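Chains as they are written, first to last, in the numbering used here: chain A, 1 to 372; chain B, 1001 to 1218.
Any given hint might turn out to be false.
[To be verified] Here's a subset of chain A near chain B, in silico, CB distances under 8 Å, partners left out:
| # | residue |
| --- | --- |
| 1 | I52 |
| 2 | V66 |
| 3 | M69 |
| 4 | R75 |
| 5 | R76 |
| 6 | F91 |
| 7 | S92 |
| 8 | G139 |
| 9 | V215 |
| 10 | Q216 |
[Claimed, not checked] Some residues of chain A that are not near chain B, with every Cβ distance over 10 Å (derived):
| # | residue |
| --- | --- |
| 11 | T16 |
| 12 | K64 |
| 13 | K73 |
| 14 | I82 |
| 15 | H90 |
| 16 | R148 |
| 17 | E281 |
| 18 | D311 |
| 19 | Q337 |
Calculated directly from the structure, the hints in this document are not laboratory data.
Just so we're clear, the structure is a prediction, and the values are computed from it rather than from any experiment.
Think of the CB as a built atom: it goes at the ideal place given N, C-alpha and C, for glycine as much as any other residue.
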Amino acid sequence: MLIELKNITKKFDKQTAVKDLNMKIEKGSITMFIGPSGCGKTTTLKMINRLIEPTSGDILIHGKSVVDMEAVKLRRSIGYVIQEIGLFPHFSVYENIAVVPRLLNWEEKRIKERVDELLHLVTLDPSYAQKYPMQLSGGEQQRVGLARALAADPEILLMDEPFGAIDPINRLKLHDSFLEIQEEIKKTIIFVTHDINEAIKLGDKIAIMNKGTLVQYDETDEILHNPKNEFVENLLGRDRSLKALSLEKTKGFVTHEGYVITGPNDDQGSLREKMKKTRSEQAFILDENGRLLGRKILVTKKTGKQEMIQDSNPVVVDRNNNLVEALSKMLESGEHQLPVVSGRGKFMGVINLSHIFAEVTAAEAKNTIKGA
Amino acid sequence: MGFWEFLQAYQDKIILEFFRHIKIILFSLPFAVLLSVPLGFCISSRPKMAKIVIYLSSVLMTIPSLALFAIMVVLLAPMKLGLGMTPAILAITLYSLLPITRNTYIALNQVSPKTIEAARGLGLSSSQILWKIKIPLSIPVIMAGIRNALVLGVSVATFASLVGAGGLGYFIFSGISRANLKMVAIGAVIVSGLGIGVNYLMLLLEDVLTPMGLKNKS
């Protein structure tokens, strides 16, 4: 157990923000805190790095009480991300990321290497190092904020509604790359949000709070299938079975059948043969690095003649997209089979509509059994 | 006597009074800055005190310049400092109090609380937050306050000639008492030019001192 909250209570004047909270947070997982405003989720988060001191109770990291640590040192060992405005406007991207390493007196050479590494991790071009926050979009600023929090390689990352100020389309993109990054870094992340879809999409576990108390704290899957009370049910909304679908990532449903792979300069005739043989409707064109360039579709005309059409801008599903997002892309494009790519554009395989339906049926069955 | 001849005849006097004028302002500036900037810092986290300080310095500013010089003369007379540079410097320093203190106060309070929170969360100590975050982010606004005070000082310093400190006010006031319009005009034009020049130089300095990321260039 990495973080342990023991009987934490926080009172502001006479108001109780957090009441007798007990929680254990596991290493390497994403824990989402959600609840209505004023439920104590942000207060709880800020007590972990002692931006707020608890009135009573104790917080342990690796079994050691945070109260015994020097607050400034404690904070340097924990990553902290808030909404986009938290970047220092008078520092370049490089200087922003270098803040904590410099506080820790790293050598400049080591800092430079680390900044390069982090920019690569958050998929920003190295040329961004010399830019200033004002010159970046909201999403780019958020990536820099994440890189800054990760600079000294902290074990724990605290995130306070980091994507709150970003428009919905870019937020979805950031979610995907956030999950991709977490797959690489495997940090213990505590994430405060007010968006239930965000909580379900990103969280390994969800902690639902209301009026300063913990209502339910469980694996995301468990919360969706077994909400503890009406409050949780209302928070989840009516489309629970659809939301349950969003728990499953596309990458778990990738298949490698029913399509053909080809290079950009391959022969048309043999490709057609191959597609007929495997009964494939589409062929995906990949470059030498396995990146998806486009696709070719075999279309049967009214005359019965088959024709090959090239589509250089096909609809793709990110492998970290959940099944709801994949389904929505299928409905929009009218396709029952879509290519799946990694965050860096590498082709992974395809996802089929029939597989998504199978999952819905399975989830329904699970709900019925549990409800009965 | 034509205008140019007049200029030539008074050339030496003009240069002398011009530099005296600048001297008065340059002597007042350090006092004004050393008094107002720390005062602004001091009240930045004390809203009640800030209200009082800003109110009092606004009151100071509403005293007409001429009257303020007169008060200085009266107050300083017992110490035998009633005439010359001392009352002039004191008066200009008092006038600078409001623009610099107020701007320092505003500058420090306009730093986004989210920026400060992020700095705290990353593990910067209070003094690091002050020196690395608050002060650099405040410099443009503080500098604008100093610029306002200086430009104001240029015009207020014209009264210095009335208390025996000299300066370009000499031409204006002597010109009026001798009904010599050329003299008045010369004094007025040079004071205006000096004001505009000081403003421009301070804008340049502001630009140099403003951190890169805060400039509106992409």
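Status of the hints after comparison with the structure:
1. I52: Hint on I52(A): violated, closest Cβ of chain B at ~11 Å, above 8 Å.
2. V66: This hint is violated: V66(A) lies away from chain B, its Cβ roughly 13 Å from the closest one there, beyond 8 Å.
3. M69: 11 Å, violated
4. R75: 4 Å, holds
5. R76: Nearest chain B Cβ about 3 Å off; hint holds.
6. F91: It holds, given that the least Cβ distance between F91(A) and chain B is near 6 Å, below 8 Å.
7. S92: Holds: closest Cβ of chain B sits about 7 Å from S92(A), inside 8 Å.
8. G139: At about 17 Å, which exceeds the 8 Å cut-off, the nearest Cβ of chain B leaves the hint on G139(A) violated.
9. V215: Violated - the Cβ of V215(A) stays beyond 8 Å from chain B, reaching only about 27 Å at its closest.
10. Q216: Q216(A) check fails; min Cβ-Cβ to chain B is 28 Å, beyond 8 Å.
11. T16: Non-interface label on T16(A) holds, nearest chain B Cβ at 23 Å vs cutoff 10 Å.
12. K64: Per Cβ check, K64(A) is outside 10 Å of chain B; nearest 17 Å; holds.
13. K73: K73(A) is in fact no farther than 10 Å from some Cβ atom of chain B, at 7 Å.
14. I82: Incorrect as stated: the minimum Cβ-Cβ distance to chain B is 6 Å, not above 10 Å.
15. H90: 4 Å, violated
16. R148: The claim is violated: R148(A) sits with its nearest Cβ about 7 Å from chain B, within 10 Å.
17. E281: Consistent with the label, E281(A) stays out of reach of chain B, its closest Cβ about 47 Å off (over 10 Å).
18. D311: Check passes; 36 Å lies beyond 10 Å.
19. Q337: Non-interface label on Q337(A) holds, nearest chain B Cβ at 43 Å vs cutoff 10 Å.
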